[in-house]
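Enquirer: If you want the building blocks of each chain, they are given just below.
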Amino acid sequence: MTEEIIIAGFGGQGVLSMGKILAYSGVMQNKEVSWMPSYGPEMRGGTANVTVIISDERISSPILNSFDTAIILNQQSLDKFEKAVKPGGLLIYDPNGITRLPLRKDINIYSIAAADEAGKLGFSKIFNMIVLGGFLKLKPLVAPEYIHKGLEKSLPARHHKLIPENEKAIEIGKTLIQGVQVLN
Amino acid sequence: MGELRLMKGNEAIAEAAIRAGCDGYFGYPITPQSEVMEYLMAERPFERTGMVVLQAESETASINMVYGAAASGKMAMTSSSSPGVSLMQEGLSYLAGAELPALIVNIVRGGPGLGTIQPSQADYFQAVKGGGHGDYKLIVLAPASVQEMCDHVKLAFELAFKYRNPAMILSDGAIGQMMEKVVLFDAIPRRTEEELVSQNPWAATGKPKNREHIIITSLDLDPAGQERVNLKLQAKYREMEKNEVLYETLGCEDAEYVFVAFGLSARICQKSMDLARAKGIKVGLFRPITLFPFPVIPIHELGKKVKGMLVVEMNAGQMIEDVKLSVGCSIKIEHYGRFGGIIPTPDEVVHALENQIIGG
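In order, the protein sequence lines correspond to chains A and B. Residues in the first sequence are numbered from 1 upward in steps of one, following this note's numbering. Residues in the second sequence are numbered from 1 upward in steps of one, following this note's numbering.
Keep in mind that the hints were calculated from the coordinates and are not lab data. All clues stand as given, with none of them false.
Calculated cross-link-like contacts (lysine to any residue; reagent style SDA-like; alpha-carbon spacing at most 25 Å): (1) A/K153 to B/L4; (2) A/K86 to B/R277; (3) B/K332 to B/L250.
Whenever a hint applies, use it, and build me the whole structure from the sequences.
Expert: Structure, rendered in structure tokens:
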């Protein structure tokens, strides 16, 4: 099993930390992982993306041009990465701020209104965990107990009291995700 | 098994330095390697092991602080990225001339000049062929994963002290910035003063009454003396070539073609290899791990078995010169590269193999 994922959005949306929690959870479940961020001028200019690979085997290239899953959190990233999803692959997007919907007919498309939900709950920081929950509902690559360990390892000790909120957000995400175009 | 962590390549270098028993780090910040010193400052090894971590006023100062520490037998290191490493070249030549062990980490970015902050392999010539003046060699290691970033720190210090020669880790911004699973080796205690003196009788550790001064220098104004120094250095480099070559092969057993690549390019080629084999192309991968000493004989032998080689580098064609010298003129050897911080994709490498080697 190898899952190649791109997570892309604005800086500050928790793109990199979502990837890190997913990757660390994979490590805790004894998977091979790589986490390759965009860094430098891109990062400083507002958009952020990270390639996360989780595999049972040694990982070859940490840098990819096609992905099994794209998790898209803004319009620029949708424009850039929709075409990079492998045929039959998965695209998850948050409709908040999306003005042009995805057009591909050969991939599975799901939406998750995570920004809205995080706003309603009055806790915007768990937005990325809602999105992660939606992804894990569709592709349960890592078991919940390892997600818990991944959160413990990724978050500094002073934030460990927030782990239950994060886990609740993951559960909310699992119920919130909706199919837009599901291939047979 | 050692401690398991998810770390950036730069962080793994820093943690490995502490665990290897390094006595002092002297550096100056530059993207994309600033996490090395950031991690060290946050980790406070001066409390954990007594290791010194110091931000110098410049790269030139850093490398000369390394020279000073190394001259007294200490395990010293610095890290920088391409423009900063260019500033250190004088110091590297002096370290090599004075036969001092030290570790220099170059997390390469796109050049020339100030260039970009994105990953590149365009400093191969500088690392392997000199950079500074005079007939000298660095031991050059090229890690291809975060695990190797960690392990090569320990290895580089071992080789540096074994041969009394500066060693370089030549990596790039991508491996520095990415996180992977790392199994950290158990910490080795820093050497005590007594151990240091007994293990490094050449070091300037203070003059007791019963022996002459120890003088650390790269200067000998008598040309006959300076030739003797050079002959000694060359003999040492031949020993390294005999004993320390490291490389990895993948899928070379039945290969008709091979990719030759180091560091990040080798990781990309591994994916290209899977893609090409899915199309029925029998291609393997040869990855030099030591760039000096270069795996001349293994590549020469491989050259007798395959129809062609594609040397993939994030530069305009540097290691290909050593590959061609190793193989000779018997088969087709071409280069494929991207420059200035652009990373080749696995697909374009397969296309290059098809167009330049198989169909070319």
